[in-house]
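Participant: Position one of the sequence shown corresponds to residue 1322 (our numbering), numbered consecutively onward.
Please keep in mind that the hints were generated in silico from the structure rather than gathered at the bench. It should be emphasised that the depicted structure is a prediction, and the values quoted were computed from it without experimental measurement. For glycine and all other residues, C-beta sits at the position ideal for the given N, C-alpha and C. Honestly, I wouldn't trust all of these hints.
Said to hold, decoys possible - Just the calculated beta-carbon pair ranges, DEER-fashion:
id	residue 1	residue 2	range
1	Leu1383	Met1322	18 to 24 angstroms
2	Glu1347	Glu1436	20 to 26 angstroms
3	Pro1390	Ala1327	34 to 40 angstroms
4	Asp1333	Gln1405	22 to 28 angstroms
5	Phe1332	Tyr1376	30 to 36 angstroms
Unchecked claim - Below, computed lysine to aspartate or glutamate pairings styled on EDC-like, alpha-carbon distance capped at 16 angstroms:
id	residue 1	residue 2
6	Lys1373	Asp1341
7	Lys1403	Asp1372
8	Lys1403	Glu1430
9	Lys1402	Glu1365
10	Lys1403	Glu1432
11	Lys1369	Asp1428
12	Lys1373	Asp1397
13	Lys1402	Asp1372
14	Lys1402	Asp1387
15	Lys1369	Asp1389
16	Lys1402	Glu1432
17	Lys1403	Glu1436
18	Lys1403	Glu1415
19	Lys1369	Glu1432
20	Lys1369	Glu1354
21	Lys1373	Glu1328
22	Lys1369	Glu1430
23	Lys1373	Glu1436
24	Lys1369	Asp1387
25	Lys1403	Glu1365
26	Lys1402	Asp1389
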Amino acid sequence: MIVRQAEVVPFDFYGLEIRDYTARQEGSSSVAEIIVPGGAGHPEAWSKRSDKYYYLISGQILFNIDGDPITLNAGDLCVIKKGQHFSYSNNSVEPARMILVHTPSFDLESEVIMEYKA
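Just need the whole structure built from these sequences, with the hints factored in.
Facilitator: Okay, here's the thing in structure tokens:
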């Protein structure tokens, strides 16, 4: 299977631009691209189903994993295990770009988003 970027329609999630390359596909994992504009971020959340693998392509992202702040730079990988609470933000003015892999594949019903504090 080949999925061309031009065929993937991005959607907005709390100011993040997400392209889900494997939406509505059957598979053991799912893959998405996330653009995090400067000042944007992901609210605290956790998954009842999936481990998450965030690979930072460009920029810098501040993750908070179970209360511990961790800075990711381009080329770094962050693994969030099922059940771990996490959030992240881009505190710079430049956008950051990440690839996200869910294993098993993403299921919105299994994601728990905590109350968002802007």
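Participant: Evaluate each hint against the coordinates.
Facilitator: For each hint, the structure was consulted:
The hinted range of 18 to 24 angstroms is not satisfied by leucine 1383 and methionine 1322, whose Cβ atoms lie roughly 34 angstroms apart. Taking 20 to 26 angstroms as the suggested C-beta distance range, the pair glutamate 1347 and glutamate 1436 does not conform, at roughly 33 angstroms. The hinted range of 34 to 40 angstroms is satisfied by proline 1390 and alanine 1327, whose Cβ atoms lie roughly 36 angstroms apart. Taking 22 to 28 angstroms as the suggested C-beta distance range, the pair aspartate 1333 and glutamine 1405 conforms, at roughly 25 angstroms.
Under the hint 30 to 36 angstroms, the C-beta atoms of phenylalanine 1332 and tyrosine 1376, about 20 angstroms apart, miss the expected range. Proposed proximity of lysine 1373 and aspartate 1341 is supported: the alpha carbons are some 14 angstroms apart, at most 16 angstroms. Between lysine 1403 and aspartate 1372 the alpha-carbon distance is near 5 angstroms, which keeps this suggested pair within the 16 angstroms criterion. Under the criterion of a C-alpha separation no larger than 16 angstroms, the hint pairing lysine 1403 with glutamate 1430 is consistent with the structure, at around 14 angstroms.
The hinted pair formed by lysine 1402 and glutamate 1365 meets the criterion: a straight-line CA distance of about 14 angstroms does not exceed 16 angstroms. Restraint check for lysine 1403 and glutamate 1432: the C-alpha separation of about 10 angstroms stays at or below 16 angstroms, so the hint holds. For the suggested pair lysine 1369 and aspartate 1428, the alpha carbons sit about 9 angstroms apart, so the restraint of at most 16 angstroms is met. About 14 angstroms separates the Cα atoms of lysine 1373 and aspartate 1397, which keeps this hinted pair within 16 angstroms; it holds.
As the CA atoms of lysine 1402 and aspartate 1372 are separated by approximately 4 angstroms, the hinted pair is consistent with the 16 angstroms bound. Proximity of lysine 1402 to aspartate 1387 is assessed by CA-CA distance (about 11 angstroms); at most 16 angstroms being required, the pair is judged to hold. Distance hint between lysine 1369 and aspartate 1389 is unfulfilled; the C-alpha atoms sit about 20 angstroms from each other, more than 16 angstroms. Between the alpha carbons of lysine 1402 and glutamate 1432 the distance comes to roughly 13 angstroms, so the proposed pair stays at or under 16 angstroms and holds.
Taking the CA atoms of lysine 1403 and glutamate 1436, the gap is about 19 angstroms. The hint is violated against a cut of 16 angstroms. Between lysine 1403 and glutamate 1415, the direct Cα distance comes to roughly 30 angstroms. Violation of the 16 angstroms bound is thereby established for this hinted pair. Pair hint lysine 1369 plus glutamate 1432 holds up; C-alpha atoms about 6 angstroms apart against a cutoff of 16 angstroms. With a CA separation close to 21 angstroms, the supplied pair lysine 1369 and glutamate 1354 exceeds the 16 angstroms bound.
Of the pairs offered as hints, the one joining lysine 1373 and glutamate 1328 is violated, with about 24 angstroms between alpha carbons and a cut-off of 16 angstroms exceeded. Restraint check: the Cα-Cα separation between lysine 1369 and glutamate 1430 comes to about 9 angstroms, which is no more than 16 angstroms; the hinted pair holds. For the suggested pair lysine 1373 and glutamate 1436, the alpha carbons sit about 20 angstroms apart, so the restraint of at most 16 angstroms is broken. In summary, the hint linking lysine 1369 to aspartate 1387 is supported, as the alpha carbons are separated by about 15 angstroms, within the 16 angstroms threshold.
The hinted pair formed by lysine 1403 and glutamate 1365 meets the criterion: a straight-line CA distance of about 14 angstroms does not exceed 16 angstroms. Restraint check: the Cα-Cα separation between lysine 1402 and aspartate 1389 comes to about 14 angstroms, which is no more than 16 angstroms; the hinted pair holds.
When the structure is compared with the earlier hints, violations turn up for hints 1, 2, 5, 15, 17, 18, 20, 21 and 23 and for no others.
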